[in-house]
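Undergrad: Using the sequences and the hints, build the whole thing.
Number of protein chains: 2
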Amino acid sequence: MPESTWKIISRTFCFLLIPIILFAEVSGPSHSMMQKMELLVLQLGVIIFVAKGMSILFEKIKIPGVVGELTAGIIIGPYFLGGIPLPGFEHGFFGTYLALNPGATLPVSPELYGIATIASVLLLFMVGLETNFSLFLRLSATGVIVGIAGVIVSFLVGVWTGMLLLDLPFLHPETLFLGVISTATSVGITGRILTERRKMDTPEGVTILAAAVIDDVLGIVLLAVILGMIPVLNDSGQSVNWGYVLRLGAKAIGVWLLFTILGLVLSRRISKFLKVFKGINVPAVMAFGLALLLAGIFEKAGLAMIIGAYVMGLSLSKTDLNYVIQESLKSLYLFAVPVFFVVSGMMVDLSVFSSRTIIFLGLIYTLGAILAKVLGCGIPLLFRKFNLLGALRVGFGMAPRAEVALIIAGIGLSAGLLSRDVFGMVIFMSMLTTVSTPPILDSLFKKEKNGTTEELLPAENVVTEFPLPTLETVEFVSAKSLQLFRDEGFFINQMEMAHKYYHIRKNDIFITMICKPNGINFESSPDDTQYVKTLMYESFVELNEIINDLKDITKPESLKNDFMEGKDDKR
Amino acid sequence: MPESTWKIISRTFCFLLIPIILFAEVSGPSHSMMQKMELLVLQLGVIIFVAKGMSILFEKIKIPGVVGELTAGIIIGPYFLGGIPLPGFEHGFFGTYLALNPGATLPVSPELYGIATIASVLLLFMVGLETNFSLFLRLSATGVIVGIAGVIVSFLVGVWTGMLLLDLPFLHPETLFLGVISTATSVGITGRILTERRKMDTPEGVTILAAAVIDDVLGIVLLAVILGMIPVLNDSGQSVNWGYVLRLGAKAIGVWLLFTILGLVLSRRISKFLKVFKGINVPAVMAFGLALLLAGIFEKAGLAMIIGAYVMGLSLSKTDLNYVIQESLKSLYLFAVPVFFVVSGMMVDLSVFSSRTIIFLGLIYTLGAILAKVLGCGIPLLFRKFNLLGALRVGFGMAPRAEVALIIAGIGLSAGLLSRDVFGMVIFMSMLTTVSTPPILDSLFKKEKNGTTEELLPAENVVTEFPLPTLETVEFVSAKSLQLFRDEGFFINQMEMAHKYYHIRKNDIFITMICKPNGINFESSPDDTQYVKTLMYESFVELNEIINDLKDITKPESLKNDFMEGKDDKR
Numbered sequence: 000m001p002e003s004t005w006k007i008i009s010r011t012f013c014f015l016l017i018p019i020i021l022f023a024e025v026s027g028p029s030h031s032m033m034q035k036m037e038l039l040v041l042q043l044g045v046i047i048f049v050a051k052g053m054s055i056l057f058e059k060i061k062i063p064g065v066v067g068e069l070t071a072g073i074i075i076g077p078y079f080l081g082g083i084p085l086p087g088f089e090h091g092f093f094g095t096y097l098a099l100n101p102g103a104t105l106p107v108s109p110e111l112y113g114i115a116t117i118a119s120v121l122l123l124f125m126v127g128l129e130t131n132f133s134l135f136l137r138l139s140a141t142g143v144i145v146g147i148a149g150v151i152v153s154f155l156v157g158v159w160t161g162m163l164l165l166d167l168p169f170l171h172p173e174t175l176f177l178g179v180i181s182t183a184t185s186v187g188i189t190g191r192i193l194t195e196r197r198k199m200d201t202p203e204g205v206t207i208l209a210a211a212v213i214d215d216v217l218g219i220v221l222l223a224v225i226l227g228m229i230p231v232l233n234d235s236g237q238s239v240n241w242g243y244v245l246r247l248g249a250k251a252i253g254v255w256l257l258f259t260i261l262g263l264v265l266s267r268r269i270s271k272f273l274k275v276f277k278g279i280n281v282p283a284v285m286a287f288g289l290a291l292l293l294a295g296i297f298e299k300a301g302l303a304m305i306i307g308a309y310v311m312g313l314s315l316s317k318t319d320l321n322y323v324i325q326e327s328l329k330s331l332y333l334f335a336v337p338v339f340f341v342v343s344g345m346m347v348d349l350s351v352f353s354s355r356t357i358i359f360l361g362l363i364y365t366l367g368a369i370l371a372k373v374l375g376c377g378i379p380l381l382f383r384k385f386n387l388l389g390a391l392r393v394g395f396g397m398a399p400r401a402e403v404a405l406i407i408a409g410i411g412l413s414a415g416l417l418s419r420d421v422f423g424m425v426i427f428m429s430m431l432t433t434v435s436t437p438p439i440l441d442s443l444f445k446k447e448k449n450g451t452t453e454e455l456l457p458a459e460n461v462v463t464e465f466p467l468p469t470l471e472t473v474e475f476v477s478a479k480s481l482q483l484f485r486d487e488g489f490f491i492n493q494m495e496m497a498h499k500y501y502h503i504r505k506n507d508i509f510i511t512m513i514c515k516p517n518g519i520n521f522e523s524s525p526d527d528t529q530y531v532k533t534l535m536y537e538s539f540v541e542l543n544e545i546i547n548d549l550k551d552i553t554k555p556e557s558l559k560n561d562f563m564e565g566k567d568d569k570r
Numbered sequence: 000m001p002e003s004t005w006k007i008i009s010r011t012f013c014f015l016l017i018p019i020i021l022f023a024e025v026s027g028p029s030h031s032m033m034q035k036m037e038l039l040v041l042q043l044g045v046i047i048f049v050a051k052g053m054s055i056l057f058e059k060i061k062i063p064g065v066v067g068e069l070t071a072g073i074i075i076g077p078y079f080l081g082g083i084p085l086p087g088f089e090h091g092f093f094g095t096y097l098a099l100n101p102g103a104t105l106p107v108s109p110e111l112y113g114i115a116t117i118a119s120v121l122l123l124f125m126v127g128l129e130t131n132f133s134l135f136l137r138l139s140a141t142g143v144i145v146g147i148a149g150v151i152v153s154f155l156v157g158v159w160t161g162m163l164l165l166d167l168p169f170l171h172p173e174t175l176f177l178g179v180i181s182t183a184t185s186v187g188i189t190g191r192i193l194t195e196r197r198k199m200d201t202p203e204g205v206t207i208l209a210a211a212v213i214d215d216v217l218g219i220v221l222l223a224v225i226l227g228m229i230p231v232l233n234d235s236g237q238s239v240n241w242g243y244v245l246r247l248g249a250k251a252i253g254v255w256l257l258f259t260i261l262g263l264v265l266s267r268r269i270s271k272f273l274k275v276f277k278g279i280n281v282p283a284v285m286a287f288g289l290a291l292l293l294a295g296i297f298e299k300a301g302l303a304m305i306i307g308a309y310v311m312g313l314s315l316s317k318t319d320l321n322y323v324i325q326e327s328l329k330s331l332y333l334f335a336v337p338v339f340f341v342v343s344g345m346m347v348d349l350s351v352f353s354s355r356t357i358i359f360l361g362l363i364y365t366l367g368a369i370l371a372k373v374l375g376c377g378i379p380l381l382f383r384k385f386n387l388l389g390a391l392r393v394g395f396g397m398a399p400r401a402e403v404a405l406i407i408a409g410i411g412l413s414a415g416l417l418s419r420d421v422f423g424m425v426i427f428m429s430m431l432t433t434v435s436t437p438p439i440l441d442s443l444f445k446k447e448k449n450g451t452t453e454e455l456l457p458a459e460n461v462v463t464e465f466p467l468p469t470l471e472t473v474e475f476v477s478a479k480s481l482q483l484f485r486d487e488g489f490f491i492n493q494m495e496m497a498h499k500y501y502h503i504r505k506n507d508i509f510i511t512m513i514c515k516p517n518g519i520n521f522e523s524s525p526d527d528t529q530y531v532k533t534l535m536y537e538s539f540v541e542l543n544e545i546i547n548d549l550k551d552i553t554k555p556e557s558l559k560n561d562f563m564e565g566k567d568d569k570r
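Chains as they are written, first to last, in numbering that gives the first Met the number 0: chain A, 0 to 570; chain B, 0 to 570.
The reader is advised that the hints may include incorrect statements.
A pair counts as met if it fits within one copy or between any two copies, since identical chains are not told apart.
To be verified - Subject to a maximum C-alpha distance of 27 Å in a straight line, what follows is the list of computed DSS-like cross-link-like pairs (lysine-lysine):
hint, residue 1, residue 2
1, 384, 277
2, 59, 384
3, 277, 515
4, 271, 61
5, 271, 6
6, 532, 446
7, 532, 6
8, 198, 277
What the hints contain is simulated information worked out from the structure, not anything from laboratory work.
TA: Written out as structure tokens, the structure is:
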């Protein structure tokens, strides 16, 4: 960062700190509601800046920002810097709750944890929304096989590592949780790398995305099953009534399936209901309200919040509200989600890592988690026309575990099902898989070799091209046609890429518009090309009318004098 | 609402309620962190829907939505429906905290109150941002006089009502709070009515807006002074060391003034610092982070959160980030702010109103609050070329008290400075002033008579007109010129009005663009008209080039065949 930036930052913060010095007041011993609120507001402010700062710093050295946020949490958390007494904060800036509630399962206040919880609901709601449901229904057999194999292998490896390392039986909550946690791929980091290297539409990219969908769904189902079974496991300890356990598991799958189907069947009604609220932002906030309700209801019913949030997201994913919601909830997301990651980091008791055993166990668990995906996803691919390079690309692409793993681990910790040591192991694994994946993937994709033994993926979408003379005309025509699409009730979402990409969708129609310097391309299913053409024809007709109207006015010569003299009136 | 809407709503909610029935589990007696979170998430979901539902319902019968949200809070709050035991919620849906903490000053959990607190910081940050600072500096003498007179009179009337009704001395926290609370005009409701009736730029509208700015600033200063003085008042009871009190008050004004000046001086640096974070949403969230920090620091320093939040908003109000922040934080606002109003309503113990005395006191306080503004703002106007009608319009326009009054009352309640009875009185006053103002204002503005004895308001802004033949061409040219403004670093904000209004601003330049069916008008200061003209000239030149490029392509005859045959390629 240039020196001037530091100057700006330091001056901004000096500005913030003066009032305390000027108006210092000694706070009383009681921890009243106002003091809790004061602490909450200060903590949130600090978290937002520390999280962003660390995330930027880590991204500078090519490490995903999430890892920076987790690290920030560990550093400023109650077990480390946040526990050091400061003037005005006798138990440290983040240590008050832990100091006043030494027996608590979580070291942060319910106020702060509440924001993190809301963020986790929002996160899984977004994951649900991002599930490309039509892709899910048309998934290639390869994607399904890879996804299922990856989940099974990593679940088993997770459970097995738990059994071996912690000396616990198979059907123990802690081992089962370690199993579920290691299934949950976070495809975001892989997605960013694929997008940067423009490999999203390669066979590897498509397979990773498809497998990630399967992965999310199966992960949620597994979590439901295990949460359904835990009451019995806790009671009986070692000797397990298998029939009962299986019945409970089946019931959990049943509930999940019922809700997912109901959600999908009712999706149009729900979307219609949300549109009762006018505007763009209000329906989005209401949709999030529904996600909160279903999350709370699922939790109340003994499952987990995130399952409800995911089901609601999935239900709305195929409606035309999808992109509107995602776009509109961005600021809420940017505010809350870093709080979730930082608070997750705060749960880590660093003293856990002073024991070499935990570091060793964490490393083994990490290695197991990576190998499980590389082997589980990679080996089936070798039988599906992928070569070794392709199999490795997909396998490592599925290796990162982040938000979902952390949320599940947090559920385990707060319910007292995971010990603090094991939670530390999970954070360790999550950080390591996330840090190690980008460089490996980068080097695997650097070689411009194909990952398949023959050309896969027959073209499904049709490209319709409209060549145009200049970039300016492209912008002009695209603005007009986007407006026509909007008038027709389409929702439009601009992607950030080299060219201007627009996702244009209404109900089942999904069109991609790509503005290149020399023309506009549309990608759509063959059925929709006629629609695209008619709409473009209309755009051109309207443009022509406008041009005829404007032709005479915009002759620069006739304008210049007029303008420079001006014909302004006093009001 | 049509019957089908009800069907949609009822089916959506059935979908939500099934899991509890299917997977019902009896929750244990302990109130663990997970149970708190479950309750928080459910409560938030319910609050979002009840708040919106009531707000829509109330607006149907022409009552401001805020009143609906407050009413929703009273109805579902722990003192009323929310306290009734339900299966699964033994203390009622909102009653758990009150039942487990019978001695608590506030009847809601810190988790839920935390969201409301964050919302109050966001609210005052937005109020600060919306303060038109250049307007403030160029305020007409009339606006200043009206604002100051309104604040002084309503403060005195508030204090006096408190003294008389509650039999307390002048310098008692409760009376002083009642005074501050009754100063805080909420101009939002008046603003909406003025906008609907297109009276925003009448002498009455301009005076109300100017007075409201003064009102906000003085209200914040008064709050700072009184919070600064309270430690002494509490100690000494009846006999007061006036010198000390005044010294503390002066110190509080000093701190406020110092920060406001510092904030304004550093505003460019702060805005520069925020722009270090790329994108649109991230700087906005970071700006809110700064508001949280300054809010917490002010609270820590013995002042109040909202003062810090307001100062930060005011600092950023004259930077070009202003509209970006307001636009970007919309979803956070729509999520959090209704929670604030509903939670405010929840604080009201309905049993308070069972005593006729409180209703009577509330009515007197309300009447005093309205009269204070009508007389305090109205009488000076009679000496400033307004007639009686104009004076009444401004006076009643300043009468509604909502968010700021509620926040200040909440501060008093949670700090134990206001009793629950007096808090109930304040809510009563806030609801009554808000409900009664719209119909009165409406009828006062219905008469198309002038409110002034002669024509006031010499034209300050200059209108530059660009006539265009059709609405289509207007859209076209405006799109191009908006793009050029954007390229020049301007921030653009579209207002929702009959015509398309755009606020275009960068640093100190403030231009309004109005797209009418027959042309584009710009309103700007005389200094900026040349800039507008040059930019429009550039737009026309660029448009001309594009037209020349497109002229041949868009001839419909030549296109039609081409399109209908299609020139699509398989990918």
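Undergrad: All hints are to be evaluated individually against the structure, with a verdict given for each.
TA: Hint check:
1. 384 x 277: neither (50 Å within a copy, 42 Å between copies)
2. 59 x 384: neither (38 Å within a copy, 63 Å between copies)
3. 277 x 515: Result: close only across copies, 25 Å inter versus 35 Å intra.
4. 271 x 61: between (43 Å within a copy, 25 Å between copies)
5. 271 x 6: Result: close only across copies, 11 Å inter versus 52 Å intra.
6. 532 x 446: So residue 532 and residue 446 fail the 27 Å test inside a copy (39 Å) and across (54 Å) alike.
7. 532 x 6: Neither. Shortest intra-copy (55 Å) and inter-copy (38 Å) distances fail the 27 Å Cα cut-off.
8. 198 x 277: Intra 39 Å, inter 25 Å, cutoff 27 Å: inter-copy only.
The structure fails to meet hints 1, 2, 6 and 7 from the earlier list, while all remaining hints are met.
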